[in-house]
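**Q** Model the full assembly from the supplied sequences, consistent with the hints where possible.
Below are the chains, spelled out letter by letter.
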Amino acid sequence: MNFSLRQAGLLFALLAFFMLQACATHAEIRGKLVTDVRCGAYALAEKRLAEIEGYSEKDILMDVLDRAMIAHLEGRYADSNQLLERGKELIESYFTKDISDELAAIAWNDTERAWQGEEFERIMVNMLAAFNYLQMGDPENAAVEARQINQRLQVYVDKLKKYKVKTSYVQDPFAQYLAGMIQEAVGDYADAFISYKDAWEGYEQTGRDFKISAPSSLRAALIRAAELSENDEEADRYRKMFPEVKPPSQKFLNSHGRLVVITASGGIARKYSAKWIIPDPELDTFVVYYPKYGKGVSRTRGIEIKVDGKNQKVEVAHDLTALARKTLDEKSAQLKGKAVAKAIAMYAAKKVTKNVAKYSKNDTAQAVSILANVALNVVDLALQADTRSWMTLPDKLGISSAYVKPGRQTAVVYFAGSAGEIFDRQVVTFDIKAGQTLFMVVRSREPHPDGRQADPAAKPLWNLVPQTPQPNSARPAVPVSLLIPETSYNSERSEG
Amino acid sequence: MRRIAACIFVLILFTALASGCAATREVTRVDPGKTTDLSGRWNDTDSQQVAKAVIDDCLAQGWLPEWVEGNPGKKPVVIVGSIVNKSHEHINVQTFVKDIQSALINSRKVKFVSSKEERGEVRDERRDQHQGYTSEQTRAGVGQETGANFMLKGSLNTIVDELEGKRAVWYQVNMELHDLTTNEISWIGQHKIKKIITKGSSKW
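Note that the protein sequences, when read in sequence, are chains A and B. With the first letter of the first sequence counted as 1, position 272 gets the number 272 in the working numbering; the numbers rise by one all the way through. One rule links them: number in the working numbering = place in the second sequence (from 1) + 1000.
Please note: incorrect hints may appear among the correct ones.
Said to hold, decoys possible - Below, in silico cross-link-like pairs of lysine-lysine (DSSO-like), each with a Cα-Cα straight-line distance of 30 Å or less:
| # | chain 1 | residue 1 | chain 2 | residue 2 |
| --- | --- | --- | --- | --- |
| 1 | A | K97 | B | K1195 |
| 2 | B | K1086 | A | K161 |
| 3 | A | K331 | A | K162 |
| 4 | A | K166 | B | K1086 |
| 5 | A | K459 | A | K313 |
| 6 | A | K162 | B | K1199 |
| 7 | A | K292 | A | K251 |
| 8 | A | K88 | B | K1034 |
| 9 | A | K161 | A | K292 |
Source of the hints: derived by calculation from the structure; they are not laboratory data.
**A** Rendered as structure tokens:
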């Protein structure tokens, strides 16, 4: 069978169209999956992930982390940790650069390189694993994650110093704070004190860049850990530094339990391929693509916890969107430089292709024109920025801790929107002993755009008290007095 | 002729590509005593070696002959208490505890009793034997458990130093033998392992 050049051109165009279409569908499904996770449709998100999983072996880490996040939200904490361990192995393996992938990334597109995540995303792998262990009531293994966080951050800081890298992400104060809380819970007071100290210094250092100040509970934690580790000098120093902190008496501590609630709200900003357009009279435009973060998506403007008859405010402790945006912006000069170099090469290719199509005067002109269009589309695909990221992460993390009387207690977590309306309410009944510290991780479930009802929120496994079914009512059962929107929760809201 | 040759060439190329894509898995049985360092993390070899080294050291120290001298014709009874994982790795402490128990029993120098968790199950079984289903002759007696004289406790720690694909991991296992009657610490021992893990910076 003989193909004419025109037919071959059409076939090529068709194939290229399907290739581009497949990419678009893949991105669309992942977009929907992210919305499902934010809105508590976890089973649906898992179904969607199964559709796109394995689309590219270069994205395997992204698939593994998304699956781990969904498993965490569904309360399958052991499964989630198994996936996170796989994620850690992949991150380790990516230290060894695949030269063929690197060459392909330079010559073609950055997506030819396996996605390895940004440093803050790699720290989140340990944090999510720690959350899982805490939800399982296993602080000993959570402490292993805390030590890994300390170690990873130390290696990262050493690397920054060695290569004199200037970045706002010089420390992860929330990760250090979490590490400290876990270490304190397992009785490693000296390590807890060091982690709290690093967290405090981190908040001071990065607070201005990310507009997050140290949670008030960190001040008390610093004094407490210094006292518990018998570091009198440091305990005195912090007492003088924070005269407003009145640590509870030993008698009070011995007769109360402590509930630490970590909240996760909204969805982290997503990357998009931003354009830098340089006009060209012959070719219409000369476009440089580079990755940029949109805005975080979150309905949460305030979070409050009611436990033991008291209302506790949740303070924002980690703004993942702000961190992601700022660190990417700091890298943008370098990324733009790389994108310009690639764009120049592609620009030349585009120009040649277009001129061939324009000046072909024989019978094959039509076929050449079709091929030229396909080539231009493929060139555009190659120029697109690498927009991969861990998109199922929350927008912000918050923290609250409360001393409660021992015995059976019920904690109600309220997530409120801009008008003070409660859009999600999660209830956990638990038994707590005097002197015991329990951790609870709660993620907001926003109303789904499809009107779908949210799946049940995952409960901590240490909580073995039978739960009374609670309707996910938009109205709180009790008036929430402290629902004054937190300024730090008032980040821009858009579907980014 | 040329067309046939082209077809054969395409077929060979396709077969080569397909065989390259196919996932292959090979399973080889090895001697459980063989050292297998794959990831550089704590493994079965470390667990067995450390348990043996620690127990050998423990049983070679002065507390044992002193106790035997004070209790002629008897062997001290030891129980393994908590061994806490304070390392950077998720280590299954239970397998290490089993290796410690195995090294203690095989030494024949001490007697060994079940741990707190194991005791619960044994007591349940004994209680069940007294429900009337088990013959009197074969029932295990109540109130005849052997009490331990010593408790072995410990922790597993790591120090990690890492830079640019090179990682030095220092494992230190600290063990203590507590006299249950006097609360005295009769022996303190430790064993260390140092590993250097190097990661290649590039591959094809």
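**Q** Next, verify each hint and record whether it holds.
**A** Here's how the hints hold up against the structure:
1. A:K97 to B:K1195: holds, 23 Å
2. B:K1086 to A:K161: Status holds; Cα separation ~28 Å.
3. A:K331 to A:K162: holds, 18 Å
4. A:K166 to B:K1086: Not OK: K166 of chain A and K1086 of chain B at ~34 Å, beyond 30 Å, violated.
5. A:K459 to A:K313: Roughly 21 Å between the alpha carbons, so the hint for K459 of chain A and K313 of chain A holds.
6. A:K162 to B:K1199: holds, 19 Å
7. A:K292 to A:K251: Cα-Cα ~53 Å, so violated.
8. A:K88 to B:K1034: Measuring from Cα to Cα gives roughly 27 Å; hence the hint holds.
9. A:K161 to A:K292: Holds, at about 26 Å.
In terms of the numbered hints stated before, the structure departs from hints 4 and 7, listed from lowest to highest.
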